[in-house]
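Modelling step: build the complete structure from the supplied sequences, incorporating the hints.
Same order as they appear, the protein sequences are chains U and X.
So our numbering is basically just the index in the first sequence, starting at one, shifted up by 4.
So our numbering is basically just the index in the second sequence, starting at one, shifted up by 73.
These are calculated hints, taken from the structure and not from any lab test.
The hints are all genuine.
Some chain X residues judged to face chain U by a derived CB distance under 7 Å, without partners named:
hint, residue
1, Ser-179
2, Gly-349
3, Gly-428
4, Gly-431
5, Ile-432
6, Val-443
7, Met-452
8, Lys-458
9, Leu-482
10, Asn-494
Keep in mind the model is a prediction, meaning the values are calculated, not measured.
For each residue, glycine too, the CB sits at the ideal point set by N, CA and C.
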Amino acid sequence: MIKVKKRWVILVGVVAVLAISYLYLRTVNIPVLEPKGIIADKEFRLLLIVTGIMLIIVIPVFVLLFYILYRYRDSNNKKTKYSPDWDHSRIIEGIWWTVPSLMILVLSIITWRATYALNPYRPIASKNPPLVVQVVSLQWKWLFIYPKENVASVNRLVIPVNTPIHFYLTSDAPMNSFWVPQLSGQIYSMPGTRTQLYIMTNQKGVYNGWSANISGAGFAGMMFKTQATSLANYTSWINKTRKSSPILTLSSYNRLSKPSSYVKPRYYSYPSANLFNDIILKYRVPNFSYRKVV
Amino acid sequence: MIMGTIFASFWLGKLNLKALPPNYIQMGGAVMILSILLGLLLFITVTKKWKWLYREWLTTQDPKKIGVMYILVALGMLLRGGADVALLRTQQSISVGHNMGILSASHFQQIVSAHGTIMIFFVAMGLMFGIINLIVPLQIGARDVAFPFLNATSFWLFFAGMILVNASLVLGDFAATGWLAYPPLSELRYSPTVGVDYWIWSLEIAGVGSLMAGINFIVTILKMRVKGMSFMKMPMFVWSVLGSMFLVAFAFPILTVCLTLLALDRDLGTHFFTAGGGGNMMMYVNLIWAWGHPEVYILVLPSFGIFSEIVATFSRKRLFGYTSMVWAIAAIVLLSFTVWLHHFFTMGAGSNVNGFFGIMTMIIAIPTGVKIFNWLFTMYRGKIKMDSPMLWFIGFVVIFTIGGMAGVLMAVPPIDFQLHNSLFLIAHFHMMIVGGVLFGDFAGISYWFPKIFGFKLNERLGRLVFWLWFIGFLVAFIPLYILGFMGATRRLDHYSAGLGWQALFIVAAIGTVLIGLGVGVQILQIVISVRDRKKLRDTTGDPWDGRSLEWSTPSPVPVYSFARLPHVTERDAFWVAKRHKIKDKSSYEDIVLPKNTPLSMVIGISAFATGFGIVWHIWWLAVVGLLSVVVTIIVRSMDEDTEYTIPASEVKKMDRQLRAEGGLR
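This is the structure in structure tokens:
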């Protein structure tokens with residue numbers, strides 16, 4: 005009697021925990037599971053497919069585990085068969101070398117194709133030409149340079165919808181990882197190195213971004229917001245910023261790149277055309293000095 | 074004045090009063106570690122145990138005692154690593170929005186790094202090498218390891234590394250870089266303090282110890298098996314240790330070299346991994362993971378082996394699919410060197426590279442899955458007894474399977490882009506290392522405890538320990554999977570309000586409290602079991618109806634392990650002998666054992682001096698330490714009188730007496 009009661013308590017407890025968790029999670033934003041960019045969306049679908057395929061094997065494992073534990077428990081041993089010397093079977097072992105291998109074969113094909121399709125360096129097809137944004141991780145904030153638009157911003161990324169964004173990334177700080185989970189997966193930004201990432205979204209909104217790689221004391225303060233807006237709004241933002249913001253000279257860049265964290269968004273106009281490449285070269289060329297803006 | 078400064082910098086290097094902890098919280102850590110140390114020293118002095126400690130433990134060459142010392146150190150470090158967790162989770166539960174919590178960012182990051190470093194190198198590795206020392210010689214019917222002096226030296230280097238990590242609590246700071254200290258963050262430019270040096274040199278010293286232990290056990294298993302024990306008759310634990318030790322022998326040199334290069338960057342101004350000067354940090358990331366991924370399998374293979382022993386014993390059935398198991402281990406050993414790049418798919422490699430490493434990673438799931446199925450079918454048609462080692466096994470299968478699924482997800486590069494370095498990853502690898510490695514080690518400890526100490530652990534408390542760990546673990550880590558999906562990255566000392574993270578961090582902290590209670594009950598379990606040791610006494614030497622040779626010896630195992638060497642004709646030699654009532658007919662013989670020597674400990678102390686000297690740039694100390702190591706090795710090599718003999722008649726007398734007392738067959 006007591007045992008039955010205990011089981012009920014556990015069951016009710018588990019259901020209650022699940023229900024509360026579900027109700028709570030409905031109220032909060034879960035970026036990876038609520039993708040808004042086309043890349044993040046494909047990555048999310050891939051996640052669901054791969055999980056589903058794995059469950060084909062994992063569920064039987066759990067069922068078998070608890071079934072065998074229950075049925076062959078010692079106190080039940082009068083009713084069940086006991087074969088202490090039965091220790092191999094080519095057929096049975098063959099099955100569990102083969103079935104998981106087949107599953108992995110399927111997953112491998114999916115992986116290989118997805119790795120190509122979702123290569124972060126792969127341009128996104130669109131009727132709109134891609135917008136180039138250069139990303140520099142500093143100690144401890146993000147600098148976004150729009151080279152063609154002659155605009156730069158700190159800790160605030162503004163992008164138009166329905167336009168592929170082509171990021172070039174580097175770092176004037178230790179390694180960081182650029183990650184806006186609702187738009188796409190992450191990519192490292194590293195000093196002396198240039199990495200790339202393409203994203204695109206068709207939904208307006210404000211999305212959180214982080215640095216996913218520890219880069220020193222102020223690293224937790226590298227959160228930034230990405231605003232995806234209509235092309236018209238984006239263009240007027242560019243024009244307004246270019247007109248009304250201070251010029252990003254070398255000396256203002258040098259001030260900016262000094263360590264600071266939890267930095268509020270800042271805007272600049274006319275960043276040096278060479279700035280991004282110079283930041284990369286700085287780590288490659290001995291005794292490097294910045295090229296003067298002409 | 075100037076002379077004084079030069080004088081001080083010669084004798085003390087960079088060490089000065091500023092090295093003392095800067096604030097009350099850090100001071101608290103220092104005071105705690107110092108008072109534990111002083112308390113221990115005082116206790117030994119008051120109880121007048123110094124002589125006993127020196128003779129029986131500090132100078133011992135007996136793997137059965139070295140194993141116990143490894144485990145004691147590891148359990149101590151489990152408490153240290155656990156205390157770190159308490160601070161981390163407290164910080165993350167309250168440091169939201171305007172509240173910056175109780176720890177400074179840099180202190181938080183030091184604790185994160187120390188937690189990872191200590192848990193992997195000084196808890197998981199310590200428990201693993203402890204159990205290997207205790208059990209491998211017994212299972213292969215050997216009285217000792219191949220190189221006893223080297224074995225003791227391995228332990229003392231491990232110990233020296235452990236002391237060096239903890240010294241950073243009192244003097245200076247620890248690396249604030251994460252547990253693998255990626256450059257350029259770990260380079261002098263961004264980490265100018267001694268923290269990274271402490272990290273480098275403690276791992277360098279402990280790593281050399283691990284490498285030597287790895288070679289030692291390869292040779293032990295290859296050369297010292299008892300007559301009749303061919304490879305395919307070895308217990309599965311021995312097989313898995315053999316696999317793991319091969320990995321140690323091949324992987325640890327990479328770690329040693331990688332750390333050395335980083336140290337050269339920091340101390341001599343080279344540019345292997347610096348940002349600038351032609352250094353390449355990506356090289357470091359490759360090297361450290363070329364060691365780091367095999368390291369995971371180094372830890373988990375012996376745990377698999379432990380579970381293979383436990384499942385067969387408690388199902389009272391032969392291990393199912395022995396040959397499959399051996400091939401699975403071999404496959405894991407080979408494959409583990411072909412997957413390291415999955416730790417950094419996000420570094421921008423091309424699709425070919427990422428795709429290849431993703432697929433190789435998934436392939437490892439096949440032999441691992443085969444092992445799980447073999448365990449299930451070992452239980453099938455058995456008579457399963459649910460003692461606490463078996464509970465750990467069930468917990469392991471549940472957690473390891475969930476964690477394994479998460480692992481396969483992250484093996485797909487595009488999915489990894491979304492999960493990498495998030496708390497999802499943290500949940501995944503804790504499920505592998507706690508659920509896989511630690512649960513296995515705990516199962517092994519409760520399983521073999523009576524063999525080593527002569528009495529069982531209290532079973533009721535043992536079950537409570539399991540349930541607290543198991544439930545606490547799920548409560549602590551399931552929220553991290555969700556937090557990962559929510560974009561929470563690892564090593565965050567602070568986050569914005571309104572993200573919905575705080576509630577989950579608090580739930581995770583509650584899980585940590587449950588695990589903490591589990592650890593508390595574990596300590597209680599040991600205390601209570603020691604108190605009731607008469608009642609829990611194992612008089613048979615075979616409390617679980619065991620299968621392999623270690624159970625044929627009396628508990629606790631006498632110094633010579635086997636009075637007469639057993640004969641092996643089949644797998645599960647002892648089980649077969651019991652069933653067919655085979656009596657040992659071999660005669661007693663003289664037994665040769667290594668003499669105690671303090672020289673292993675001297676090497677450990679010297680290595681610590683070298684490490685400490687380099688960390689603080691006290692060069693005379695480093696040189697003296699290094700010279701002392703070399704001289705000690707020379708002195709030891711010249712010593713011809715390193716063994717003693719127990720005559721056959723004496724062995725016979727001791728054995729008869731033990732068996733009469735215990736009522737052994």
